[in-house]
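**Q** Spelled out from the first residue to the last, the chains are:
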Amino acid sequence: MDADGLKQEIDRKIYEVKRLITNIEELLEEKKYEKYIPKEVKEFVLYIKEYVNISNEHFNFTRQISQETFSIPVLTALLSLLDTFKEGFFSLHHFFKEIIEISILESPSPLLIYFNKILRKIYRDGKIIATKQSEYNFHFIPLYKISGRPLLDPNRKLEHFALIRYPFSEYKNVFSNILLIHELGHFIYKKLNIKNKIISSIDPQEFDQYEQAINEYVETNYQSDYIIETPPKMWETIFSWWEESFADFFAVRIIGPAFLYAFIKFNLILKDTEIKIFISQHPSRYYRITRIIGLLIKDGWESVIKLKTPRIYKWADDIDAFKNLSYNIPTSIFSFDEDPIRECYKYLEKTIEKVALVTEELTANCNYDLETFEEENDIVEECLKKFIPPSEIFYKDNFFIAKPESILNTAFIFYLNDGIEQWYSMSDRSKDDKTDHFFDNRLNEFVLKSIEDNLILEIWGK
Amino acid sequence: MDGILSGSEIEDLIKKDVSDPESLIITPLLNKGKQIGSDGVDIRLGTYFIVHSRTTVPCIKFGPKRSPESIAEVQSKIHIPLGQQIIIQPSTFVLGSTLEYIKLPYNLYGGVGSRSSWGRLGLVIATAINIHPYFRGCLTLELVNHGNIPIALTPGALIGQLILHRISKAPKEEKELTGKYPGSTRPEFSKIFEEYKTVKDLQKISDEYHAEI
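Heads up: the protein sequence lines correspond to chains A and B, in order. Reminder that position 49 of the first sequence reads as 49 in our numbering, one-by-one numbering, no gaps. Reminder that position 198 of the second sequence reads as 1198 in our numbering, one-by-one numbering, no gaps.
Hints may contain errors.
Computed Cβ-Cβ distance ranges for the label pairs, DEER-style [to be verified]:
| no. | chain 1 | residue 1 | chain 2 | residue 2 | range |
| --- | --- | --- | --- | --- | --- |
| 1 | A | THR372 | B | TYR1106 | 33 to 41 Å |
| 2 | B | VAL1074 | A | ILE199 | 51 to 59 Å |
| 3 | B | SER1117 | A | LYS298 | 53 to 61 Å |
| 4 | B | PHE1093 | A | HIS94 | 37 to 45 Å |
| 5 | A | GLU421 | B | HIS1052 | 33 to 41 Å |
| 6 | A | PHE239 | B | GLU1011 | 54 to 62 Å |
| 7 | B | GLY1033 | A | SER134 | 48 to 56 Å |
Source of the hints: derived by calculation from the structure; they are not laboratory data. Don't be surprised by glycine CBs; every beta carbon is placed ideally from N, CA and C.
Same shape as in the complex, but just chain A:
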């Protein structure tokens, strides 16, 4: 293409990309009148406005240069730059509308404020935005990964945002939304490059041995085209499983047994066979539950699980792997991928303690421990029994403010032990009224209210 042709192409591309920008600007203009949106979304919108301004300046500059030069290499470079911009806008398109349409309307807002606070203790600039989704699952979407190109994040602000999606039918349920903290773990894993920390915690020679063993295994067992893809896939699998395990361990360290309860409660909805499936993105839920319990026991929580939630303890005790700690991979689940996954599992087992150690170091100053639970459990439980949100309560000659973690754990235990049955007996509601979930909803609201009060009291300087 000659210089004139390139110039025309540049003009056409600028026109196309500017059309996309104009549409985004229009959406932002509509959003200006929406007052009730979460703080993190407001910050995101500000970022996009800033980005749109920079982009417009950049296009003007590109157009000016293209008009003044006839250098084919310069014009080609400008064209390629515009392609990057265009690609970036398509990436932005993936999540832009979803985020700017979030409102505070009936979201588990206090819980998200609390999770953002935890995030900032570990990753100062981090911000999570949560949205409802149709799929009955929780997802983490790193915004920087979709639009990590330098041109799309000129001031390196977007990289601090993560989007977390939760099932829309669970928006009211605090006990399910505890699982959001696991997604927070994924964000931290990516942002703080935990994978490298784990690798560096392994003896390099040992690491080389793993790598060599995997390669040898693949070479011995797989021929033809499959051999080309398998080695990187196996490492990717192990790294994904590290990430998943890290996110679980992180949640356990931050929130204690409540994470186990939430995880089991969520998985009870799945079929038994699904619980035992290993996939390349994450180890089986069966494996994860046993590891979560293992870490809780290591941190001293066994007596709490055993005495306060005997049903959960019994359930966990019934898992063979929990009894004898041999994590057998269930057979007849995999077909083609069974053997590589079995190999990956072996290496996961060899390195899982390293993942736990890295998590322990990272969460040292925000770990929720047994001692705090034991100090606060009785008063929180007493409040709940008396149908009072455990905010700031007079206890043992002092006004006492329970930590959000104690509120979540004690309330979950109260729920698992059918505590709300006591509320029905205190009320004039009949058993038939239970289908309206009135007291279930009240328990969720009490937890949110107490967590919000805790955050407010902290801001107030108490």
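Use these hints to put chain B onto chain A, whose structure you have.
**A** Here is chain B on its own, set in the frame of chain A:
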């Protein structure tokens, strides 16, 4: 009913153990020294609201729970965290609640009043002002801007005053959680539809009456 409880009496009751049947709970009190006055407790605006949404529904009327005319069709719940504001436009009605969760013991009776400082700006905080013994929950506030300019309200702002009376011969009830909204921590949609049957009966009587004429 005995006289109004003094600030020091209120403080004594607040300092009773949570399991004591005579304990009074008002939580959180962000500034006890200032909020507990000589004869009452200043209460703050909470963080949850119900606002009227734009709708094509012609009017609110009595109907079964899930009918298109039900109240949830024309109202939306919103959460305004501490540090943000809710704007109440002129001639607009918003439901709010107190930040404080209140539990009255069996022998106390309460009343809520507006603060005149807000009234002077056109904001009226009309509420179901009587609080019965055993009440548990955040008080619902019916906020109306009667002025000509919008008013920005900040959650946590002092909004009203709670006054308490002791009941001299208070009976102890077996069922403590009664009423339509026990333990509400945020404003809730009206449950007037629960009276639908009564309204239908009234309509029937009215129809029969007109038929006779």
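**Q** Now tell me, hint by hint, if it's right for this structure.
**A** Evaluation of the provided hints:
{"no.": "1", "hint": "A:THR372 - B:TYR1106: 33 to 41 Å", "result": "holds (34 Å)"}
{"no.": "2", "hint": "B:VAL1074 - A:ILE199: 51 to 59 Å", "result": "holds (58 Å)"}
{"no.": "3", "hint": "B:SER1117 - A:LYS298: 53 to 61 Å", "result": "holds (57 Å)"}
{"no.": "4", "hint": "B:PHE1093 - A:HIS94: 37 to 45 Å", "result": "holds (40 Å)"}
{"no.": "5", "hint": "A:GLU421 - B:HIS1052: 33 to 41 Å", "result": "holds (37 Å)"}
{"no.": "6", "hint": "A:PHE239 - B:GLU1011: 54 to 62 Å", "result": "holds (59 Å)"}
{"no.": "7", "hint": "B:GLY1033 - A:SER134: 48 to 56 Å", "result": "holds (51 Å)"}
The structure is consistent with each of the numbered hints, conforming to all of them.
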